[in-house]
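With the hints as extra help, turn the sequences into a complete structure.
Order-wise, the sequence lines are chains A and B. Under my numbering, residues 1 to 324 are what the first sequence spells out, in order. Under my numbering, residues 1 to 324 are what the second sequence spells out, in order.
Derived from the structure by calculation, the hints contain no laboratory data. Don't take each hint at face value.
Claimed, not checked - List of simulated lysine-lysine pairs, DSS-like, C-alpha gap at most 25 angstroms: (1) A:Lys256 - B:Lys40; (2) A:Lys44 - B:Lys256; (3) A:Lys217 - A:Lys239; (4) A:Lys256 - B:Lys256; (5) B:Lys321 - A:Lys109; (6) B:Lys297 - A:Lys109.
2 protein chains.
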Amino acid sequence: MKVGILGYGNLGRGVELAVKGNADVELVAVFTRRNPDSVKILSKDVPVVSVEDVASWREKIDVMILCGGSATDLPAQTPKFAEIFNVVDSFDTHAKIPEHFAKVDAAAKNSNHVAVISVGWDPGLFSLARAYSNAILPNGTDYTFWGRGVSQGHSDAIRRIAGVKNAKQYTVPIDAALDAVRSGANPNLTTREKHLRECYVVLEEGADAAEVERQIKTMPNYFADYDTTVNFISEDEFKKNHSGLAHGGFVIRTGKTSEEHKHVIEFNLKLDSNPEFTANILVAYARAAYRLSQEGKRGCMTVLDIPPAYLSAIDGATLRKNLV
Amino acid sequence: MKVGILGYGNLGRGVELAVKGNADVELVAVFTRRNPDSVKILSKDVPVVSVEDVASWREKIDVMILCGGSATDLPAQTPKFAEIFNVVDSFDTHAKIPEHFAKVDAAAKNSNHVAVISVGWDPGLFSLARAYSNAILPNGTDYTFWGRGVSQGHSDAIRRIAGVKNAKQYTVPIDAALDAVRSGANPNLTTREKHLRECYVVLEEGADAAEVERQIKTMPNYFADYDTTVNFISEDEFKKNHSGLAHGGFVIRTGKTSEEHKHVIEFNLKLDSNPEFTANILVAYARAAYRLSQEGKRGCMTVLDIPPAYLSAIDGATLRKNLV
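Written as structure tokens, this is what we have:
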């Protein structure tokens with residue numbers, strides 16, 4: 001299977017690494033909006049091409065893996081490139097998935113392509129965990145916890161405060177809440193009871209630490225509803241201890257199958273690198289998109305529409321023998 | 001969707017309860033090899049019918065849920081009844097799944113039916129966890145732990161020892177091993193390091209406790225390779241504390257996406273009732289079998305071949321809005 005990468009940030013680089021780990025997948029080109037000469041990729045023998053020239057690669061690429069952001073890139077890019085290629089994206093603005101799906105579906109059907117959207121871990125693997133566990137325990141309750149991991153949005157929000165030079169925010173699930181959920185007690189948890197927010201901040205020379213801390217802790221939506229800790233650290237310590245992109249989380253459903261019997265279904269992830277892990281999911285679903293396209297399928301899908309066996313490079317009989 | 005239950009033990013009764021929890025599913029009959037008059041079911045308005053008469057229900061049942069055992073019932077029943085109905089079973093002899101699949105596939109294709117085999121949690125949900133995580137982390141290692149829960153096979157083995165009146169064996173995963181796996185250390189674990197075996201035994205009057213304990217602990221395959229504890233208890237205590245069918249387990253895959261970054265994917269279950277939980281999975285896959293059959297699909301499948309959305313009574317757009 002021949003894939004292209006469109007957009008070469010952390011996620012695009014993760015897809016490039018993921019391709020190296022999947023022997024049946026070949027990377028044929030990386031597409032960028034920047035000057036291609038300025039983009040240095042890991043694979044020496046793969047061309048970097050301007051996105052302006054993407055249409056001429058129509059016949060050379062089985063699936064285009066879209067690695068832009070959900071805020072502004074993907075809402076435009078996925079419908080546009082689904083006219084030219086089979087595509088997968090990691091669109092993760094949950095509230096806008098139905099709207100994104102409709103646009104991409106129209107484009108993909110119109111041009112006879114397969115598009116798989118919202119591929120990653122949330123949405124993505126967490127959606128799978130929710131869908132399977134809801135189908136199996138219809139009488140139950142869902143809980144999702146995120147972390148311990150870096151929230152890009154919250155880190156950005158801190159960086160916009162005057163006097164802040166750099167900042168990183170970790171979302172931390174609270175063990176007592178996780179334990180209460182796992183016990184099957186079916187607790188009603190407030191926002192504050194589920195997650196802590198842990199901030200590491202580098203101040204500008206002469207900034208007022210107390211005022212920065214006040215502004216963080218009282219920021220509506222982002223921090224006001226949480227127990228938030230603010231740690232002021234040096235630029236050196238920031239670079240040394242807070243440059244990673246670790247993340248993870250938990251999806252738990254508890255439910256009853258009779259008056260007497262309750263059950264707990266849990267799926268959890270602990271990830272050293274959010275973009276590299278997401279990239280590997282994208283490559284697995286690119287494989288599925290290619291196969292579905294070869295079978296004559298058309299239109300937009302999510303992870304809920306795709307049989308698990310389609311993600312694997314291993315044939316059905318071997319999967320049945322070794323993994324079922 | 002109209003379903004039948006074939007075989008009314010713990011699992012069949014679990015399916016009967018599960019149907020009550022799924023508003024789109026109707027139970028039309030329970031089939032038994034026993035005298036139908038001797039089988040008392042929970043649903044007052046549902047007939048209990050001799051399995052001899054099953055063929056006359058061909059037009060009245062969308063999916064037959066086969067609730068026999070894997071040792072002798074299902075190897076014969078599933079191919080036989082796949083000639084008459086769409087079927088789902090919980091065949092769980094891992095080593096014989098390819099052979100069972102081939103026989104059921106031939107029968108189902110021959111008669112234009114859908115059959116879904118090996119539906120449950122292992123095989124079943126654990127197979128899904130292994131398949132997804134293997135596709136996403138091709139460079140990694142799988143670990144499966146079972147328990148804490150009742151092993152029927154090991155309990156039976158103890159009951160065959162002279163002097164034993166009743167016995168229950170719990171398989172217990174060892175926390176230190178689970179922690180080592182979750183750390184991403186990729187440990188090589190011996191059988192003894194992964195699970196304990198905890199036995200509760202009621203002796204016959206005058207039996208030799210020390211000899212029974214010796215026979216249990218040295219029993220090849222079942223106990224000799226494990227740290228085993230044997231507790232002798234009264235018949236009353238046995239009935240009071242050891243009549244449940246709780247179970248559970250853990251599927252963990254750890255792997256790398258680059259030299260520096262490792263990841264842990266974990267799926268785990270904690271079940272108050274093994275048969276009731278398995279029954280709910282069977283009903284969800286019966287729904288999938290019915291839909292696939294309506295779409296013109298034919299032949300045998302496992303959980304790996306079925307899109308997750310097919311398990312749910314909720315339509316695709318609503319699933320996308322609420323669960324993706």
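- Message: For each hint given before, does the structure comply? Return the numbers of the non-compliant ones in rising order.
- Response: Violated: hint 4 alone.
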